[in-house]
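**Q** Sequence:
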Amino acid sequence: MTHITDACGHGLSRRATLWGLTGGLALAGLESRMPRAAAASRHAAAIQATVIASSPHYLCNAVAATRDGTLFLGAPRWDLMADTPSVFRVASDGALHPFPGGSWNAWKPGDDPRNAFLMVNGLHIFSDDTLWIVDQGIDPTKGASVPGGQKLVQLDPRDGRVMQVLRWGEDILPPGSAMNDLRIAGDLLFVTDSGLGGIIIHNMRSGETVRRLSEHPLLRATAAKPLRGRDGHILQDRTGKRPLVHSDMLEITADRKWFYFSTPSGPLRRIPTDILLDSSLTDDQRAGRIETVIDIPTIMGTAIDTLGNFYFADTEHGRIMVLTPEKKQLTLLEDDRLVDGDALFITTDRHMLVPVAQTERLPANNAGVNAVRLPFITLGFALPDTLEGHRLGGVVSSL
Numbered sequence: 001m002t003h004i005t006d007a008c009g010h011g012l013s014r015r016a017t018l019w020g021l022t023g024g025l026a027l028a029g030l031e032s033r034m035p036r037a038a039a040a041s042r043h044a045a046a047i048q049a050t051v052i053a054s055s056p057h058y059l060c061n062a063v064a065a066t067r068d069g070t071l072f073l074g075a076p077r078w079d080l081m082a083d084t085p086s087v088f089r090v091a092s093d094g095a096l097h098p099f100p101g102g103s104w105n106a107w108k109p110g111d112d113p114r115n116a117f118l119m120v121n122g123l124h125i126f127s128d129d130t131l132w133i134v135d136q137g138i139d140p141t142k143g144a145s146v147p148g149g150q151k152l153v154q155l156d157p158r159d160g161r162v163m164q165v166l167r168w169g170e171d172i173l174p175p176g177s178a179m180n181d182l183r184i185a186g187d188l189l190f191v192t193d194s195g196l197g198g199i200i201i202h203n204m205r206s207g208e209t210v211r212r213l214s215e216h217p218l219l220r221a222t223a224a225k226p227l228r229g230r231d232g233h234i235l236q237d238r239t240g241k242r243p244l245v246h247s248d249m250l251e252i253t254a255d256r257k258w259f260y261f262s263t264p265s266g267p268l269r270r271i272p273t274d275i276l277l278d279s280s281l282t283d284d285q286r287a288g289r290i291e292t293v294i295d296i297p298t299i300m301g302t303a304i305d306t307l308g309n310f311y312f313a314d315t316e317h318g319r320i321m322v323l324t325p326e327k328k329q330l331t332l333l334e335d336d337r338l339v340d341g342d343a344l345f346i347t348t349d350r351h352m353l354v355p356v357a358q359t360e361r362l363p364a365n366n367a368g369v370n371a372v373r374l375p376f377i378t379l380g381f382a383l384p385d386t387l388e389g390h391r392l393g394g395v396v397s398s399l
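Terminal number for the sequence shown in the working numbering: 399, no gaps in between.
These aren't lab readings, by the way, just hints derived from the structure by calculation. From the three backbone atoms N, C-alpha and C, an ideal C-beta is built for every residue, glycine too. There could be a bad hint or two in this list.
Said to hold, decoys possible - Distance windows between CB atoms, simulated:
(1) D284 <-> R256: 22 to 28 Å
(2) A82 <-> P375: 34 to 40 Å
(3) P56 <-> K257: 39 to 45 Å
Said to hold, decoys possible - Straight line, CA to CA, 25 Å or less: simulated BS3-like cross-link-like pairs of lysine-lysine:
(4) K108 <-> K142
(5) K257 <-> K328
(6) K225 <-> K241
(7) K257 <-> K327
(8) K328 <-> K225
(9) K225 <-> K327
(10) K241 <-> K142
Work out the full structure, taking the sequences as your base and the hints as a guide.
**A** So, in C-alpha cells, the structure goes:
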C-alpha cells in the first residue's frame, strides 16, 4: 500500500455494514443477491463469495467483525511483509487504517516490543464485541520471539483503547513457543501453541493460567505429512526446508463438551473439555482421552457453529468444507480465488468471512520464487440455512 492513514487521526462510521471494494457492495447486502431460501436449497456451487476487503500490498491472514459490521484484518510480518502495520480497521469506503495507531503499528527491529505488534498471527472478536489479537512476538530478522514481545492484546474496537495485555513466563511459554489462535468459552481463554505443541488455558476471573499437553506427539506435526497447497504444491523454501507447524486450529462446541484441535496437516482430533481442564490428571492421562476425528488435507482455517458443524478451509482443493457431527463431509464453497483461505470467521448475522493469504505463493513456501498476485483479498458470503439437506447453525457465543 502506497499511502496509509493512521486511524488515530480519522473517525470511522459505525454503520452496521461491511463494505466490499467492488462497487461499494455491503456484506449485509449479499442477501439481496442470494436470497436465503434459494441459497438453502442449492449446492455449494450456487454460493457466490464477494470481495469484502482488499489489501494492495500487505498479506492478511485473519479477519473479524463486530456486531455492527466493523471489519478488522490481521497482517503478519511474514516473508516480504517486514513493514506491515500488523492490524487494520477497514473503513466504510474500503480504506485500510492501522489500528489502534501510533507505536502499536510502527514496530521495527530493535524497538521496545512490549506495546507494539511484532508478529500478529491471529485476531478474533467474541460475544463481548471486543477485539483480541495474538502477537507471537517474533522478530523476523532473528526468527524467534523477543522478551516481552509475545502477548495477547484486548482492544476496544471503537477507539482502540487497550483493555488488557496478557503475557506469561517460561512456565507457560517455554523457549520456542508461538501462540497461534484463541477461543473464549465463559471465563476461560484457550490458546494453541504452534511452536512446540500445547494448549494454554487462562481463567480470566481468577487469573490462573495452565499449560496442557506440552509437546505431546498428538499435538505435533510430522515431516511425513508435508503442508500442501493447490495442485499438490508442497510448501518449502529454496533449500527444500519445509515448515513444521504444530497445534494450530482449535474450536469448542457450543455446549463446551468438546475441544477440537489440529495441526495444519491434520488429523483433526478432539478431547472432552472437562478432561482438558481436570487438574487431577496427568498429560498422559489426558492424551489417553484424545480421539482422532478424521484425517484431513492441509488446512489453514477453521470455525464451528451452534449445531456442531466443523468448517475447514481445504487449501489443497480451494474450497471450504463442512464436517457434520455425523462425520459427513459437505462442500460449502468452491472458488478459484481461494488460494490458501485462512482463519474462518462467522459473523452474528451468519456470514462467513475468509481471508485469502496466498501462503503457498510466498518465496519461503515456493522454493524461493515470489508468485504472489496482488491484491490480497478477503471474501465473504452468507451461510445457507441448509446444505444438501443438512442444517447449518450460527456463531458460537463465548459467554
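**Q** Look at each hint and say if it fits the structure.
**A** Status of each hint after checking the structure:
1. D284 <-> R256: 22 to 28 Å: holds (24 Å)
2. A82 <-> P375: 34 to 40 Å: Violated, since A82 and P375 (Cβ atoms, about 18 Å apart) do not stay within the stated range.
3. P56 <-> K257: 39 to 45 Å: holds (44 Å)
4. K108 <-> K142: holds (12 Å)
5. K257 <-> K328: holds (20 Å)
6. K225 <-> K241: holds (13 Å)
7. K257 <-> K327: holds (17 Å)
8. K328 <-> K225: The given pair, whose Cα atoms are some 23 Å apart, holds under the 25 Å limit.
9. K225 <-> K327: Judged against 25 Å, a Cα distance of about 22 Å means the pair holds.
10. K241 <-> K142: holds (17 Å)
When each numbered hint is compared with the structure, a violation occurs for hint 2 only.
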